[in-house]
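Asks: Below, each chain spelled out in residue letters.
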Amino acid sequence: MKLSKRIEQNIETIKHELQNSSDLVLREFDLNFNQIPKIHCALFYLEAMVSNSQVTNAILQPLMHEIRDFDERVSTTFIKFIQESALTIGEVGEETELDKVLLSIMTGNVILLIDGARTALTIDVKGWKHRGVESPQTEAVIRGPRDSFSEPLTINLTLIRRRLRDPDLVFERITLGKRGHNDIVLAYIKNLAHPDLIAEVRKRLQKIEVDVILDSGYVEQIIEDDWWSPFNTLQDSERPDEVVAGLVEGRVAILVDNSPFALLVPATLNSQMMSPEDYYVRWPAANFIRIIRFIASFVAFVTPSLYISLVSFHPEMIPTQLALSIAATRDGIPFPSYVEALMMELSLELLREAGIRLPGAIGQTIGIVGGLIIGDAAVRAGIVSPIMVIVVAMTAIAGFIIPTYTLSFGLRISRFFLMIISSLLGLYGLTLGLLLMLGHLATLTSFGVSYLSPWAPLNIHDLRDSIIRSPWHRLKHRPQYTSALDPTRQATHTSKKRKAKKKQS
Amino acid sequence: MKTRDTLLNQEIPVIVINVILGVATINLPSRLARSAGPDGIIAFIAASCIALIAAFLIVCLVMRFPDQGFAEYSPKLVGVIPGFILNILLTMYFLYGTAVVLRTFSDTAKVFLLPRTPLEVIMISMLFTAAVLARNGLQPIARSCQIILFLFFVPLLLLPFFISIFDFGEFLPLFQTDFHSMMKAAIGSIFALTGAEVLLVIGSHVHIKRGFMRLTLLGVLTAAALTLLIVSLTFGSLSVEQTAKLQDPIFEMIKYLPVPVLFIERVDLFIFGIWIVLAYSTILILLFTLSHHLAETFKVDSSKNFVIPAAVAIYYLAKIPVNDIEIERFGSFFNIGWLILVFGIVPLFLLLSYIRKQGQPLLAKSEKKEKKRKANP
Chain A
1 MKLSKRIEQN IETIKHELQN SSDLVLREFD LNFNQIPKIH CALFYLEAMV
51 SNSQVTNAIL QPLMHEIRDF DERVSTTFIK FIQESALTIG EVGEETELDK
101 VLLSIMTGNV ILLIDGARTA LTIDVKGWKH RGVESPQTEA VIRGPRDSFS
151 EPLTINLTLI RRRLRDPDLV FERITLGKRG HNDIVLAYIK NLAHPDLIAE
201 VRKRLQKIEV DVILDSGYVE QIIEDDWWSP FNTLQDSERP DEVVAGLVEG
251 RVAILVDNSP FALLVPATLN SQMMSPEDYY VRWPAANFIR IIRFIASFVA
301 FVTPSLYISL VSFHPEMIPT QLALSIAATR DGIPFPSYVE ALMMELSLEL
351 LREAGIRLPG AIGQTIGIVG GLIIGDAAVR AGIVSPIMVI VVAMTAIAGF
401 IIPTYTLSFG LRISRFFLMI ISSLLGLYGL TLGLLLMLGH LATLTSFGVS
451 YLSPWAPLNI HDLRDSIIRS PWHRLKHRPQ YTSALDPTRQ ATHTSKKRKA
501 KKKQS
Chain B
506 MKTRDTLLNQ EIPVIVINVI LGVATINLPS RLARSAGPDG IIAFIAASCI
556 ALIAAFLIVC LVMRFPDQGF AEYSPKLVGV IPGFILNILL TMYFLYGTAV
606 VLRTFSDTAK VFLLPRTPLE VIMISMLFTA AVLARNGLQP IARSCQIILF
656 LFFVPLLLLP FFISIFDFGE FLPLFQTDFH SMMKAAIGSI FALTGAEVLL
706 VIGSHVHIKR GFMRLTLLGV LTAAALTLLI VSLTFGSLSV EQTAKLQDPI
756 FEMIKYLPVP VLFIERVDLF IFGIWIVLAY STILILLFTL SHHLAETFKV
806 DSSKNFVIPA AVAIYYLAKI PVNDIEIERF GSFFNIGWLI LVFGIVPLFL
856 LLSYIRKQGQ PLLAKSEKKE KKRKANP
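Protein chains in written order, with our numbering: chain A, 1 to 505; chain B, 506 to 882.
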């Protein structure tokens, strides 16, 4: 529907379409001129979504006081004059369609209606209150940048742009959500990210038909390859440096307005086991941390089920001294080991969930009360054995080492599956469970890339940055799984050049 | 993006090694020691040569029909009805082979790990685990097998370092067995080296056929070398005489290894876990091959729907033997079936393909021609 020439009609229509909402502000005023009759105007905007000072200083003041000398009747020249000479705002657009005008108001723009004009001016003076750039909550590092994404998309794009001043960096904006009309940005480096990958991401995004997108988690779940898997096939991160690192590897990032988490595709198990810090510290330290991390992940994954298998089915595998010690601690425990293990693991999940939901200080108290006091009391009461507490504590600590929060979720869910199958069939069940998990991981793909890459299919080149990271000067090429158009990441390392020069001299 | 059912070149040896190494490896040393004494090593080398020749013939046939499975080209070579009968026979062969592997595995698992668990539970759980992945196609299978192979390689390569007693004298004197007995021992041990015949069905999934022969032979050779290493270690550490008396000498050998891992005492059970993984990979590949062959025989697009019926058939077939002797007999029948398939049907098909001018010339030849053409345009 087009806008009318009559301002009264436009005002009524907009008020009617927006259900006369209480946060809708209508400011009517007249433009007074020295030589021509006054013109009636109206501003529409949503309260608290615009900067009031900018509305006053950059819109109302110039319009009401500084254009008195204009002497032409309302025409396109007049609209142009206001747009280009009167308003002191960076982004001003024109709209003739009512739907677009309404959407513009909803986005946080100010709409200027002029009597006699079929065109409305959309003035970008967005200015709502938002959280600033803070430290990352789930991906903290010791060495490395401390800023993280925030809710406003513009801030997040700035955080990326500040790190990557590449003219080939593309931010492709897509509006999704039938009711929410939320902004989604597809970020990639042109001439680096594979066009097939970009096209596939774009295609999947455009297929989304939901009411509203409240977080990048919506997008992740809708466009992922295997929706039934406990493992995520899109990597999420709240760290701009990690996203930029992904972009220069030839991956594609998806940013959602009002979400502090960006998504990276394709994602592999290997890529999610990496922390940005691995690249900031020297390679021996990075490798040490990585090896610890991989071992810890395995420990977190299998320890409770291994305990169940050994204690319930194969005590002969445990050294005699240790077996006697375990038997002594389990003496008088009323539950079989698998019930004990399941009970303790569930308690741990309860504590973890309670700790997250409660405010910071109380959350910590829950950890102390739950972990120490209740744990100790349970052991003293003879409900659980001390060895079980050690197993659960070890599992929990090892689980916290996994750098990606969503990946640790997948492992936690799978751990319960392993515990159940181990309770049924012991070591044989544990092996079958691990094989089922392996088979499942082998079937997973992320935008056509094997989830187990570079281990399966084996890619010797990409192994340089997996469990072991080569020194920076050896990481000359981008990972091959992204199929980046430019495979070279860096030229010969400067120290090597220096050595070569020394030799020459 | 690749489709799910393509096989990368590097995955050919992985599949071959995984399908070959399996349950038969466990009692192979005792079988060789019983039938040929210290000459068991020579008998096994002879068996390896037979397996290599068999793999060569299989790959030659696959290369003649690079884009077709056995079920697709067999009617073209021998006619529709005989072709169909041969396809059913091949189905029976894979069915039988998988059942033998499953039963042998389940019996050993029951003895070592789960003495109180019914055999049926062990068989069903293993078949179920294999069926879950077999339904997902060849590519995930190949990926899993790569990881499995790595899991097997590391402990196997570390094994010699932990063996404290090893007597090279156990391999001597050589050539004390007559040729007939030696060949009998070689044929008897061939079950431990069968598996490359799966390429008759899944070979068509390898898109780039360059190096196919080399990679397949590499796979067979690696599997044979690893098995030979295991047999040699068993002979050297337990003695040939002792090996001949034991049913599962490998586990006996490993049981007393002084491994410096404080929290595990019975290392054999840990190794048994790895062996479960190997048995799984063999059953998995055979189950997929079987269901895929059925799908091709009945011209159905997806092999997914044949996996569960095939698994059920394998289960019932595996339940038939009542004791170890019958299982052994089952294995012997399978050996005969393998010999007929590889040295009867495959050469016959090759011959017929040349006579009837069906299929393509071997890629090596066509490559040579291309090179010539490029050299003399």
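The hints are simulated quantities; they were obtained by calculation from the structure and are not laboratory data.
Incorrect hints may appear among the rest.
Stated by the list, open to error - The calculated SDA-like cross-link candidates involving lysine to any residue, where the alpha carbons are at most 20 Å apart (straight line), are:
#1 B/K760 x A/I318
#2 B/K760 x A/K207
#3 A/K126 x A/I142
#4 A/K100 x A/K38
#5 A/K5 x A/Q83
#6 A/K5 x A/L46
#7 B/K760 x A/P319
#8 B/K760 x A/H16
#9 A/K100 x A/D211
#10 B/K809 x A/T320
#11 B/K615 x A/P315
#12 B/K804 x B/D572
#13 B/K760 x A/E316
#14 B/K760 x A/T320
#15 B/K760 x B/H685
#16 B/K615 x A/K129
#17 A/K5 x A/H16
#18 A/K503 x A/L485
#19 A/K2 x A/K129
#20 B/K862 x B/L664
#21 A/K38 x A/S85
#22 A/K129 x A/D215
#23 A/K2 x A/E94
#24 A/K207 x A/D225
#25 A/K5 x A/K126
#26 A/K38 x A/F78
Asks: All hints, please: hold or fail.
Replies: Checked hints:
Taking the CA atoms of B/K760 and A/I318, the gap is near 13 Å; set against the 20 Å cutoff, the hint holds. For the proposed pair B/K760 and A/K207, the alpha carbon gap of about 59 Å is over 20 Å, so the pair is violated. Among the hinted pairs, A/K126 with A/I142 is inconsistent with the structure: their alpha-carbon atoms are about 35 Å apart, more than 20 Å. The straight-line distance between the Cα atoms of A/K100 and A/K38 is roughly 28 Å, outside the 20 Å bound, and the hint therefore fails.
For the hint pairing A/K5 with A/Q83, the CA-to-CA distance comes to about 18 Å; that is within 20 Å, so the pair holds. This hinted pair does not check out: A/K5 and A/L46 have alpha carbons roughly 23 Å apart, beyond 20 Å. Pair hint B/K760 plus A/P319 holds up; C-alpha atoms about 13 Å apart against a cutoff of 20 Å. For the suggested pair B/K760 and A/H16, the alpha carbons sit about 84 Å apart, so the restraint of at most 20 Å is broken.
A hinted pair counts as satisfied when its Cα atoms are at most 20 Å apart, and A/K100 with A/D211 qualifies at roughly 18 Å. At roughly 48 Å between alpha-carbon atoms, B/K809 and A/T320 are farther apart than 20 Å, so this suggested pair is violated. At roughly 16 Å between alpha-carbon atoms, B/K615 and A/P315 fall within 20 Å of each other, so this suggested pair holds. Restraint check for B/K804 and B/D572: the C-alpha separation of about 15 Å stays at or below 20 Å, so the hint holds.
A threshold of 20 Å between alpha carbons decides the hint, and for B/K760 with A/E316 the separation of about 12 Å falls inside it, so the pair holds. Pair hint B/K760 plus A/T320 holds up; C-alpha atoms about 15 Å apart against a cutoff of 20 Å. Restraint check for B/K760 and B/H685: not satisfied, since their Cα atoms lie roughly 35 Å apart, outside the 20 Å limit. As the CA atoms of B/K615 and A/K129 are separated by approximately 67 Å, the hinted pair breaks the 20 Å bound.
A threshold of 20 Å between alpha carbons decides the hint, and for A/K5 with A/H16 the separation of about 17 Å falls inside it, so the pair holds. Straight-line distance between C-alpha atoms of A/K503 and A/L485 comes to about 35 Å, which puts the hinted pair past the 20 Å bound. For a cut-off of 20 Å, the pair hint linking A/K2 to A/K129 is broken: about 33 Å separates their Cα positions. For the proposed pair B/K862 and B/L664, the alpha carbon gap of about 51 Å is over 20 Å, so the pair is violated.
At most 20 Å may separate the alpha-carbon atoms for a hinted pair to count; A/K38 and A/S85 meet this at roughly 18 Å. About 18 Å separates the Cα atoms of A/K129 and A/D215, which keeps this hinted pair within 20 Å; it holds. For the hint pairing A/K2 with A/E94, the CA-to-CA distance comes to about 13 Å; that is within 20 Å, so the pair holds. Straight-line distance between C-alpha atoms of A/K207 and A/D225 comes to about 14 Å, which keeps the hinted pair within the 20 Å bound.
At most 20 Å may separate the alpha-carbon atoms for a hinted pair to count; A/K5 and A/K126 exceed this at roughly 27 Å. Taking the CA atoms of A/K38 and A/F78, the gap is about 13 Å. The hint holds against a cut of 20 Å.
Checked against the numbered hints above, the structure violates hints 2, 3, 4, 6, 8, 10, 15, 16, 18, 19, 20, 25; every other hint is satisfied.
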